[in-house]
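Starting from the structure of chain U, add chain F where the hints point.
Going down the list, the sequences are from chains U and F. Under the working numbering, the first residue of the first sequence carries the number 16, and numbering increases by one thereafter. Under the working numbering, the first residue of the second sequence carries the number 1265, and numbering increases by one thereafter.
By construction, these hints were calculated from the structure, which means they are not laboratory data. Nothing here was measured: the structure is a model prediction, and the numbers come from that model. Please note: incorrect hints may appear among the correct ones.
What the hints assert, rightly or not - Derived Cβ-Cβ restraints for the label pairs, each shown as a range:
| id | chain 1 | residue 1 | chain 2 | residue 2 | range |
| --- | --- | --- | --- | --- | --- |
| 1 | U | LEU175 | F | VAL1278 | 44 to 52 Å |
| 2 | U | ARG815 | F | LEU1276 | 46 to 54 Å |
| 3 | U | GLN88 | F | ALA1282 | 52 to 60 Å |
| 4 | F | HIS1303 | U | GLN682 | 34 to 42 Å |
| 5 | F | GLY1293 | U | GLY43 | 36 to 44 Å |
| 6 | F | LEU1276 | U | SER289 | 19 to 27 Å |
| 7 | F | ALA1280 | U | SER253 | 24 to 32 Å |
| 8 | F | ALA1280 | U | SER775 | 39 to 47 Å |
We put the CB at the ideal spot given by N, CA and C, even for glycine.
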Amino acid sequence: MNGENEENCFHCSLPVPRNTHYHVEIDGVEQAMCCPGCEAVAKAIVDGGLTSFYQYRTDTSTTARAAVPEVLQELTLYDKPELQRTFVSTDDKDIKQASLILEGIVCAACVWLNERHISALPGVIEFRVNYSSHRARVRWDDTQIHLSDILKAITSIGYLAHPFDAGRQEEVYKKERSNALKRLAIAGLGAIQVMMLAVALYAGDYSGMDAGLEHFMRWVSLLIATPVVFYSARSFFSSAWRDLKAHQLGMDVPVSIAIGLAYAASCWATISRSGEVYFDSVTMFTFFLLAGRFLEMGARQKAGQAAEELVKLLPAMATRITDEGDETIVVSELLCGDKVRIKPGDSVPADGIILEGRSSIDESLLTGESHPLAKSIDDKVIGGTVNIESPLVVEVQEVGEDTVLASIQRLLDRAQVEKPSIAKTADKVAAVFVGFLLVLVSLVAFWWWQHDPDQAFWIAISLLVVTCPCALSLATPAAMTAATGTLTRLGVLTTRGHALETLAKVTHVVLDKTGTLTKGQLALESVQLISDSTEQQCLDIAAALELGSEHPVAKVFLSNASHPNTLVAEKIEAIPGQGVTARINGVQYRLGSASYVADIDTSAHKPSLHSSEIFLANDERLLAVFSLSDILREQAAESVQALKAMGKQVWLVSGDNEAAVSHIAEQVGIDHIHHSMKPDGKLDVIHKLQAQGEIVAMVGDGVNDAPVLAAAQVSIAMGGGTQLAQASADMVLLSEHLPHLVDAIKMAQRSVMIVKQNLSWALVYNLLALPLASMGYVAPWMAAIGMSASSLVVVVNALRLNKSVDD
Amino acid sequence: MEILYILIPLGLLVFAVAIWGFIWAVKTGQFDDMEGPAHRILMDDDDIRIPNRHADHPGNPQEQAAKK
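Isolated chain U (complex conformation) (with noise of 0.2 Å):
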């Protein structure tokens, strides 16, 4: 029926595979279907009477899983105590509320989904999807439903869930983040309340006031903006006392000294009815300040919490072997010298050594290799790779903070201390500036008190006031957060401040292969028939023979074969890191590397370097080859290009072989390459690139790129990447689109431009201001105005940020 190929699944969105009958009646119209998963997403959808989900949705949904019965089984083990101790919480008797962690939500229509589906349940009292960090928070009565029967519910409409501690980091960072906004409301909230005041009290300065009246106001907005100084602005305080403990000048001193004075001194005026008074200026540049940083802190909450999915690595359950039988507990509780055995599908769950069995490993997330490695008894396993073929029993060797995983990140934490900062150099400059200042007063008022002692006290908060480094402190900070604003809305996520500084200056780009230059998917390229059978003939005996096999190469066969696949294999016998081999119609087919069919002449066949090549072939002869090779991203090309004409070296580091490097740097157009790099080895690179004084920015994806990008001076983590990665990085390209890389440099050198024209108009006014002040010309509410409109100007200057790159 849905003969031709353009059709693509209502669902997913993929194009319907040829001869597939799959499709779901949905608002009385059939709508095919790509294949059994989304078939029974669908009808799941349909069935519950949320079609209005196909009309809602502004993106299209990810694949559905068909789900396997064993993994339903497997989320009974939930509802075990033993492991709800960790994630549950007991409200009342029976109800009982869990955090999870939702994958495959893409629009808002999928929280709505959701959350009808899941809150119509019988039992569930409350269930709510929070769409900004998708997570979802589930209360539910014990006695009427269990946890499994929940994440159930979630699994049979598309979507995955995994139960998280939601009490670690998260009970921190909503701390942190309520802090900041109640510190940032009551500066926000004062700063309008004082600037109204001083607004009648500056008219009053120029038309007159009754002085009664004035004395009020003055007393109103000292009340206003005390718990500005005391309450809002005294995380400001508390770093600058910190710094000076540490015998530094930090930003924050200045910050610190300018809201203190500049606070004590209007208090002063308040209470003996003489001089100036600022509390406008005092609030308004709390008040900015805290907004900038309130940003900056979302954008690291933001990234941290892909970190803590980083525990979804390591499996929440193993099954231990014991005298008795085997048994399911939870990992924390494996000790060394268990045994555990290991499904063919699932995570290993610690180090170990394999004692039974014989299966290929994808180590894929550790080590970026592409392929599976074949593993027998005696070798090592490292927690948190994947078993793909067959069963495995393991004994474990090392546990928690002795695993591999454990001591990357461990890697990770202390490179990430180390970073190479180019941020701090501000920093100095400000302290050079402010020592220089605080000097300079002490002399002006020293040289005033000689001459004319009742004037010093007020040329001297004058002179402090109007030098006040406010301009010079929002500078760079307001330039920053309206990059990253832009940024962040072309898919760009900056998780740390000095990401763009360090960006706008990096001469070296280097790549990763695997998940960044290219999709990191296997994908057939080409099919070199060597016998007279046609290529759709070969593909269907070749998916045949993979049918039911979790290793990606099987995949690739199995979504290029018909549908409904005729051919059925019999006796079905795979040989690890070799290939498999089965009956079909009577002929034994053999589906394997070179090794594997070495037996029978492949001579006529040409060998390819850069793909991996698979045989097919049966008793006699060989009949094809197919050659499989990682797909490269859209644009990616036009990127490197782009980053070579505005004058950077670009440079590919990738853990394959040399063969399948340089074929993908010859398509991109990339000079300089390293293959065959370990972790280790691509931090050398980056260290001898460094050593040389150049500035490296790091693109990757996998945890094995962690240490490294965590090295580089910048470094970019690619949406679709693993967690650690993103953690470990400056920033996240969410788009996967490679030209946004090109873009973020771009608006990054704006950006540092925009700092500098900040920089010079602060230092320009200061250096003017400064004489006139220190001669007495400058009368404190001329000073007030002066600092109020130097900061405006560089705030207005940094909003030229927010147009997108283009224009």
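Only chain F this time, still in chain U's reference frame:
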């Protein structure tokens, strides 16, 4: 201008109420999800109330069965 002596303290009162309101909002989690609610309001289940739409709503199992 004596009225200002009353109006400004009244303004202060409003200021205090605004702060209290804001802190209440932060505490009750109104700022936890800044994107979701904007979409959520557009997706309410008002289908049942719209005549001649969705005859196959789960509220009507017989009708749904009859259709198949």
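To see whether the hints hold, each was checked on the structure:
1. U/LEU175 / F/VAL1278: 44 to 52 Å: 48 Å, holds
2. U/ARG815 / F/LEU1276: 46 to 54 Å: 37 Å, violated
3. U/GLN88 / F/ALA1282: 52 to 60 Å: Distance hint for U/GLN88, F/ALA1282 holds at roughly 54 Å.
4. F/HIS1303 / U/GLN682: 34 to 42 Å: Between F/HIS1303 and U/GLN682, where Cβ atoms are some 40 Å apart, the hint holds.
5. F/GLY1293 / U/GLY43: 36 to 44 Å: 41 Å, holds
6. F/LEU1276 / U/SER289: 19 to 27 Å: 24 Å, holds
7. F/ALA1280 / U/SER253: 24 to 32 Å: For U/SER253 against F/ALA1280, whose Cβ atoms are near 26 Å apart, the range 24 to 32 Å holds.
8. F/ALA1280 / U/SER775: 39 to 47 Å: 43 Å, holds
The structure does not agree with numbered hint 2 stated previously, though it agrees with all others.
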